[in-house]
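S.K.: Under this note's numbering, the first residue of the sequence shown is numbered 2, with each subsequent residue one higher.
Among the hints, a few may not be true.
[To be verified] Pair ranges (Cβ atoms, derived):
| hint | residue 1 | residue 2 | range |
| --- | --- | --- | --- |
| 1 | E166 | G204 | 30 to 38 Å |
| 2 | I20 | L207 | 22 to 30 Å |
| 3 | G204 | V93 | 17 to 25 Å |
| 4 | G204 | S74 | 24 to 32 Å |
| 5 | R162 | R32 | 21 to 29 Å |
| 6 | Q65 | G170 | 33 to 41 Å |
| 7 | L207 | D117 | 19 to 27 Å |
[Claimed, not checked] Straight-line C-alpha distance at most 25 Å; calculated SDA-like pairs for lysine to any residue:
| hint | residue 1 | residue 2 |
| --- | --- | --- |
| 8 | K72 | T83 |
| 9 | K61 | K40 |
| 10 | K61 | E154 |
| 11 | K61 | T39 |
| 12 | K73 | G111 |
| 13 | K72 | T121 |
| 14 | K61 | I20 |
| 15 | K196 | V93 |
| 16 | K196 | Y153 |
| 17 | K75 | E110 |
| 18 | K61 | A41 |
| 19 | K75 | V93 |
To be clear, the hints were calculated from the coordinates, so they are not data collected in a lab. For clarity, every value in this text was computed on a predicted model and none was experimentally measured. Even glycine gets a Cβ: it sits at the ideal position worked out from N, Cα and C.
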Amino acid sequence: MAKLPNGVLGNFYGKVGNIVGYTHKGQQCIRQASRKTTKAPTEAQLAQRARFSLVGRFLKPINQFLNSLPKKSKNAQARSSTAMAQVQRAMVEDGETPRIDYPEVVLCEGYGGIFDAELTPCPGGFSFRYTIPRWTRLMIEGIHVLVYLPEYEDWVIEEARFDGEQVAGTVILEDFMGQTSAEVFAIGKYCRGTKVTNSVYSGSVLITASTNPE
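My request is simple: use the sequences and hints to build the entire structure.
M.R.: In structure tokens form, the structure reads like this:
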């Protein structure tokens, strides 16, 4: 059912016949309603759906965080949308199964992003240390460390501030019993929170049990 908030000659929302009215970026738009089909999807269509689903699950836990970061420009798309496009470019085929090539992933486009990363495993997590060039120290005040856990399709986000030219910290998974891999990314935060850097892939680290089983 369509709604006519501006009368019969104004814009409408909803469906009338095979026409759909909607709003996009503040503009009134119409499109033809999609048609239902009984045809079985092709292998190419199934592969594309699998890729799209994988990227969606990868980004869903951090979409809100990404959208909270300052945009690169006033009219730029939401960061979650640009991340979706960037991660799709990092997809590779492993046989018939799509996977994400993590070193090629770009979570955030910004300004600069030169970090030397050092990741050291510890029980239940890992410690991190990032170093930036001296000339960028006066511009970048802190860093977001984003940790992806492929086995759980979830993320852990930590924030730390620079002390001189370095920033260090520890990521611990509380009461973690087992072993899993983690993919680590970093996004620098400029002073006064007006800009962020490009995201940087920092490496992969193996996380082991936080305590010894009795």
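S.K.: Of all the hints given earlier, name the ones this structure violates by number, lowest first.
M.R.: 1, 2, 5, 6, 9, 11, 13, 14, 15, 16, 18, 19
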